[in-house]
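Enquirer: In order, the protein sequences belong to chains A and B. All the letters of the first sequence, read from the start, carry residue numbers 1 to 442 under the UniProt record's numbering. All the letters of the second sequence, read from the start, carry residue numbers 1 to 224 under the UniProt record's numbering.
Keep in mind that the hints were calculated from the coordinates and are not lab data. There may be inaccurate statements among the hints.
So these bits of chain A aren't anywhere near chain B, every CB distance computed over 10 Å [to be verified]:
(1) Ser26
(2) Glu81
(3) Ala125
(4) Val128
(5) Asp131
(6) Tyr135
(7) Gly182
(8) Ser192
(9) Ile213
(10) Leu242
(11) Asp270
(12) Leu406
(13) Leu417
(14) Thr425
Now the in silico label distances, taken between C-beta atoms and shown as ranges [unchecked claim]:
(15) Glu215(B) x Val76(A): 13 to 23 Å
(16) Lys209(A) x Lys129(B): 45 to 55 Å
(17) Val76(A) x Gly59(B): 47 to 57 Å
(18) Gln137(A) x Leu3(B): 17 to 27 Å
(19) Val34(B) x Asp151(A): 52 to 62 Å
(20) Lys209(A) x Glu215(B): 17 to 27 Å
(21) Val34(B) x Gly79(A): 40 to 50 Å
(22) Trp232(A) x Gln138(B): 44 to 54 Å
(23) Thr202(B) x Val76(A): 39 to 49 Å
Even for Gly, the Cβ is constructed at its ideal location relative to N, Cα and C.
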Amino acid sequence: MQPDTAIEPQPAPAARALTCPSCGGSVALRAAGYTVHVACQYCSSILDVTDPQVKLVTAYNQHLAELEIPLGTRGVLRGVEWEAIGYLQRSEDGDYGWEEYLLFNPYHGYRWLVKVRGGWSMGEALTVTPDWLSYDQLVVNGENYTHFFADGEARVDYVLGEFYWRVAVGERVKTADWVRSGVMLSREENASEVSWTRNAWLAPAEMRKAFAIRPEAIWPPLPHQPSPWGAWLRTGAKIGALAFAFLLVFALFFGGTSWTAAGSFPVAADGREQSVTLGPIVLPHRYQSVHLRADVPQLENGWVDLDYSLVERKTQQVYEAYGAAERYSGTDFDGPWSEGSRKAEVSIASVPVGTYDLVVEYKANRWSGASGYAETAGWMDPAAAPVVQVEVRRGAVYGSNLLIALLLLAAPLGLALIWHLAFETARKSESDFAPSGEDDDE
Amino acid sequence: MSLHLPCPNCGADVVFRSPALPNRVCDYCRSMLVRSDAGVAKVGEVAALPFDVSPVQIGMRGRADDNGFEVIGRVRWAWTDGAWNEWLLLFDDGANAWLGEAMGQFMLLREQPIGKVRTRALREIANGKDARPGTEFQLDQEKMVVADAREVVCVAAEGELPFTARSGWRLYSVDLRGRHGQCATLQRDDQEVTFYKGRYVTLAELAPRGLRAIEGWTLPSYAA
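All chains, full assembly: derive it from the sequences and hints.
Expert: Structure follows, in structure tokens:
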């Protein structure tokens, strides 16, 4: 056999032209082979194209609607190019009118572009039937929907362009709708057929990009319109929690200075009251907390009372705190035991700026209740050279500061939550079913 | 396995690829040819196919049910409210199936012997009773509903076919739909009843190669 030297086949033409038998205008057929009825773009007469001899179905000579998307316009929605080929105006017997554009792509079939009260959705006919989950819940392709509108009736009021069925002004179908966030599931029923359409909410930005549509204000929200605050709230709450956790960690670990040794002083064996003055301690901020930590490494079966006084050198203003370190141990029939701690920490809040002396008055005690050793020196034995070590740390961040930060973080979230709830309430108030308080997101 | 023969009408080379498909339309003179042991005979002429923008064409290849196929024939049917295409797929294992194309949606259907259908209501329809849209019944454990029932007429045909698709041939056709994308069609005329069962498919899931190029439209990414 000879190799095929035929030239590359030419692509098939995309449109077929026909002449309107009513007004003589040239009508382009954009979905030839599928289209059944065409409404002439000049006189709006309806033509039947199932026959090679185009037949006039209804002659009109009415004023043509100015379309936001002129038929023949193409736009890319969610990655696929679509051409607007048909246009319908429908209503509930004259009320609540809405518009529907029929979109076509020879490789992807048909979609609907539905405009209700300024909001747009893209509809796709389902080839599966939803299953009932409960009296007001449906599931299809793993998505749950809640009943929203019942017992509606849609009437065709105006037609332009081409359609794959015999479209007629006045044609009525029964309608009902179910919703989930971002999607509306619509059921249409006539005498011979039940059809289901999945309408996906299109954000104003998508419509602007695809068909240069100016965004419109929509209030109350459409049944399946996602709350603009919903996603914001979820992200905002996460960021807020993270920011607060960071602040908290920052305040705890980096809020002030680290512990610095203020001094180490001996414990008298006789247990008399002793006093020592440490300093100077310079406090640079207008107000800060001062944390004091005492450590008595040799402490065993006894306690140390600690009276701290922060004395400002110039004003002689005094800030006081009391602490005690106590530690006991022994052995009983359960084995060895111990309780208490050799360390004691206290804080003084809101100390003003200044240079301070830290006066520590302390008294060491021996526990006489500890089985017969009361007469010995115990931990206070001078041979062990017991000492008290004091450390100082300066705090910079206060609980009140954190609270202000928390309020600042929460304020926009609270505001968004209020708006979100108002949005959801307004959205649900349109439903034919009693609005319930619960959030139906997911 | 392919059998090349000259068209008895115009002499052009015509190909018969499967003994199960003894009918074909000559690509050049549009004669309807039938092959038998005695050779090829012309049994009529087929009307020219009206222009359409279907993305499918003879020679397109694809995959379904883990088997490659090639589109080798088409019948165009019409009814009072529209028209649609039935594309004949010849699978690599020799089986064939129909790819129904209506209103931008696709159905993959395989012929089933009507004798095996147990559903009484369906047998009654096969025996001449009219079907009522909306009627529900059980078919192989699946609930199916009659989506529509109507008189259809063969408009035109091309390529290889399992039957003689004469233009003007009238059939009574009943479409059934399941809840989860299943579908079935029963067709009958005075002589014969045929029954097809299958499911809705998307063009993308058939992984098509050699889709028809249509002026001004980019081929979808899955067909690149």
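Enquirer: Indicate, hint by hint, whether the structure satisfies it.
Expert: Hints versus structure:
Distance check on Ser26(A): its Cβ is at least 16 Å (rounded) from any Cβ of chain B, clearing the 10 Å threshold; non-interface status holds. Distance check for Glu81(A) against chain B: the nearest CB is about 7 Å away, which does not clear 10 Å, and the non-interface claim fails. Under the 10 Å C-beta cut-off, the non-interface status given to Ala125(A) relative to chain B is violated; the minimum distance is some 7 Å. With a least CB separation of 5 Å from chain B, Val128(A) falls inside the 10 Å interface cut-off, contrary to its annotation.
With a closest Cβ-Cβ approach of about 7 Å to chain B, Asp131(A) is found to fall inside the 10 Å limit, against its non-interface label. The beta carbon of Tyr135(A) is kept farther than 10 Å from every beta carbon of chain B, the shortest such distance being approximately 19 Å. For Gly182(A), the non-interface assignment is confirmed: its Cβ lies about 22 Å from the closest Cβ of chain B, beyond the 10 Å cut-off. With a closest Cβ-Cβ approach of about 4 Å to chain B, Ser192(A) is found to fall inside the 10 Å limit, against its non-interface label.
In this structure Ile213(A) is separated from chain B by more than 10 Å, as the shortest Cβ-Cβ distance comes to about 23 Å. For Leu242(A), the shortest C-beta to C-beta distance to chain B comes to about 39 Å, beyond the 10 Å cut-off, and the non-interface label holds. With a least beta-carbon separation of about 94 Å from chain B, Asp270(A) lies farther than 10 Å from that chain, consistent with its non-interface assignment. Non-interface call for Leu406(A) relative to chain B: holds, since the shortest CB-CB distance, roughly 49 Å, exceeds 10 Å.
With a cut of 10 Å on Cβ distances, Leu417(A) stays outside the contact zone with chain B, its closest approach being about 40 Å. With a minimum CB-CB distance of about 35 Å to chain B, Thr425(A) clears the 10 Å threshold, and the non-interface call stands. Between Glu215(B) and Val76(A), the C-beta spacing of about 18 Å keeps the proposed range 13 to 23 Å intact. Restraint check, Lys209(A) to Lys129(B): a C-beta distance of roughly 54 Å satisfies the suggested window 45 to 55 Å.
For Val76(A) and Gly59(B), the Cβ-Cβ distance of about 29 Å falls outside the hinted range of 47 to 57 Å, so the restraint is violated. A hinted range of 17 to 27 Å for the beta carbons of Gln137(A) and Leu3(B) is inconsistent with their spacing of about 58 Å. Between Val34(B) and Asp151(A) the CB atoms are about 56 Å apart, so this pair conforms to the stated range of 52 to 62 Å. For the hinted restraint 17 to 27 Å between Lys209(A) and Glu215(B), the CB-CB distance of approximately 25 Å keeps it satisfied.
Separated by about 46 Å at the C-beta atoms, Val34(B) and Gly79(A) satisfy the suggested range of 40 to 50 Å. The beta-carbon spacing between Trp232(A) and Gln138(B), approximately 50 Å, falls within the hinted interval of 44 to 54 Å. A C-beta distance of roughly 19 Å is found between Thr202(B) and Val76(A), which places it outside the suggested range of 39 to 49 Å.
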